[in-house]
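Residue strings, one per chain:
Number of protein chains: 4
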Amino acid sequence: MNKSRIEAFSDGVFAIAITLLVLTIAQPAGYGNLGHELAKRWPSLAAFVVSFAIIGIMWLNHHSLFGHFQRIDRPLFYLNLLLLLTITFLPYPTGVLGEALHRRQGTQTAAVLYAVAMAVNAWAWSALWLYASHRRRLLAASFPEEERALATLMFTIGAVFYTLAIGVAFLNAYALLALQAALALYYALDPVGRRPRRGKRRGATPELPVTEAPKSPGDPAVTS
Amino acid sequence: MNKSRIEAFSDGVFAIAITLLVLTIAQPAGYGNLGHELAKRWPSLAAFVVSFAIIGIMWLNHHSLFGHFQRIDRPLFYLNLLLLLTITFLPYPTGVLGEALHRRQGTQTAAVLYAVAMAVNAWAWSALWLYASHRRRLLAASFPEEERALATLMFTIGAVFYTLAIGVAFLNAYALLALQAALALYYALDPVGRRPRRGKRRGATPELPVTEAPKSPGDPAVTS
Amino acid sequence: MNKSRIEAFSDGVFAIAITLLVLTIAQPAGYGNLGHELAKRWPSLAAFVVSFAIIGIMWLNHHSLFGHFQRIDRPLFYLNLLLLLTITFLPYPTGVLGEALHRRQGTQTAAVLYAVAMAVNAWAWSALWLYASHRRRLLAASFPEEERALATLMFTIGAVFYTLAIGVAFLNAYALLALQAALALYYALDPVGRRPRRGKRRGATPELPVTEAPKSPGDPAVTS
Amino acid sequence: MNKSRIEAFSDGVFAIAITLLVLTIAQPAGYGNLGHELAKRWPSLAAFVVSFAIIGIMWLNHHSLFGHFQRIDRPLFYLNLLLLLTITFLPYPTGVLGEALHRRQGTQTAAVLYAVAMAVNAWAWSALWLYASHRRRLLAASFPEEERALATLMFTIGAVFYTLAIGVAFLNAYALLALQAALALYYALDPVGRRPRRGKRRGATPELPVTEAPKSPGDPAVTS
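Residue numbers (this note's numbering), protein chains in the order written: chain A, 344 to 567; chain B, 344 to 567; chain C, 344 to 567; chain D, 344 to 567.
One or more hints might be untrue.
List time: in silico BS3-like cross-link candidates among lysine-lysine, alpha-carbon distance up to 27 Å [to be verified]: (1) Lys346(C) to Lys346(B); (2) Lys346(C) to Lys346(A); (3) Lys346(A) to Lys346(B); (4) Lys346(D) to Lys346(A); (5) Lys383(D) to Lys346(C); (6) Lys346(D) to Lys346(B).
Hints are computed from structural coordinates only; laboratory data are not their basis.
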């Protein structure tokens, strides 16, 4: 199996899913009082922005994660397909949540739908990692062993957090949206992607294709 | 004709078709009782998942199949275009089937439409293979001759099965959907893609770009 | 300007436009008599198939044409952007024509819209060619001089034919659709793409990346 | 971080956003008097063409700009993601503006929405440039120092102009659309992309991957 073509296919799916999100922003019902109509739809815009950030950050982490794989086998392809399924599905709950919030009807249900979709996504990430990292099945030699257990822990904690977020969805839809944004920002700091760099300092192969260029000392803190 | 650009174009079409499927999931008609509205639409979600799996698995098999081609000529390009036509069309019957099932109206017709679309797709696959493999027209030298007849048999059986599935569509729409999922899972085992590996053991060129990395003895059975 | 990235961007636009066409197929208005509803919409399916073939064949010719360019400059980029504009626009007249034909209302207007869109597309192709080939501005050295005038003639004739097709649209919408399909099939034979092969026999560089592999004597006639 | 994959991801988003624009062209409300219905929708077509030109020109400038970067770091990735957000959002104000203009309702609001979306886009461009160019953080060695201040000035002026355009939107929606088209044409002349060529004449590395092939003396003036 050709790793770079599977990455390119995944990249395509990410790029399309992130761009299709714009279709989920609720259209104005009338143009007579357009300013008011648009203003009422701000939750729809907020849901769009949160989902956009989620998919964009996931793309980067997908890119980092696959950089640690030496090869791809058929089960990993299907686990990746499952992950892509949860990502291409995201425009649906995004649209429903935005619509529910601006109609002020069904907000709890819509928030639970969104939270469940994100939890399934987190489980797919964990399954992908557990399969690939178990006994270093598909890991590149340059991925430091001491980071493996830590990454497993973090993927597991992530899955637990996203599952607990379903509870928040039952309480308040806006709180759920804010929590999802916060979780995305946490992943934007890329806890796993940073590991190998440390490993590199300890002598891993410098030609690993996806690691970042060495940072200059004056490099500012990572911000989103 | 540049094989890798035709593959890249096909990859793009697959990636877009698989992502557009989300637009076929029926939107709630109202938000007053959103939970009930969404629950009623589960067949729409089921049709989405089945079509997603079908396109994802087809992508992988397309990728494997083209790996066995040494070159691409103009007729093959048009046969591939025909195949892509049947794949980009899939969101239409998927949407119609999901909608028919949740309305409980026109389910038989919708199932037949879906089954016919998949049968035409299977015929396009067979035509592509028959054209490319006839007298080894476009096959790579590394593709073992003894696998050729077997692959032809399997593509033919596949086309027959998908044609017979139209009969199932007349009986029951849910049975058709389940059958399509089962057929997709069968293809997920990739009967053709596995052949060359055996050929390799007999000495085929190891630099064939799309064959899988050799599996370790402890590699688990292929699952989806 | 990086030629391969402009080609990749164009490929992406072609792949998306061809896949978006499925959204133009008219949805059934009701599911009570779904078979009848779908059958009434066959012109919508026919328009989809014709536009799909047109975009697919154009992709191949775009690919061949750019293979004859040595480099790309800024004016060519904008002419290519104009060409892409006419291609991404195609789903609109396709949807309108399919809808008009199945409603049996506004068919003449819809056919004229489709014909005009295709004529503008043909003019964009001609402008692209004339700019690139004038004094061999951007042509690769391997493109034989004697083919240049012929290609110019063919692009010009093409533009004239597509312009005359607007007249057919005024007469009958089905005739226009059939004519567009016939014109697409004519271009499927790729009059320009074939030239360089002859040139190659006369000693052009064999490593030109986009020319076809030499055909075997038993190669069947080009069919679509 | 792998620069070429981030470029490919961005290219994909640009290609999809530019192609999705066709979905913003308002569909005819009826087919009884289709010619009149379509003619009334010309502002929708005009908005489509302007947004198409904007995204196409931005793609080229994105391509040029990233050619001046030696590497990409995480903050730049997120600034680029912000830029892509403003680009994928563009179909929404495009559709609203086209619809408002043909309904002759809410045109001022729609024009302001469009102008604000473009202003945010211009700020995202400026932020990207300022971050990357500050103390030459990510700039390639071949980017001439004397051009850096000029480029910063031009990005700043651009952001100011796009912000002032919001004022025009309050006055007249058609004037805003014309102004946006004019600003796009100005950027089509690529003031930044041209710099390095001059730098090259002064001895920069010729293998810089994205610079244009040297122009022949007879090269016509840049036109769009």
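Discussion item. I'd like to know which numbered hints this structure contradicts. Please list them from smallest to largest.
Written reply: Violated: hint 5 alone.
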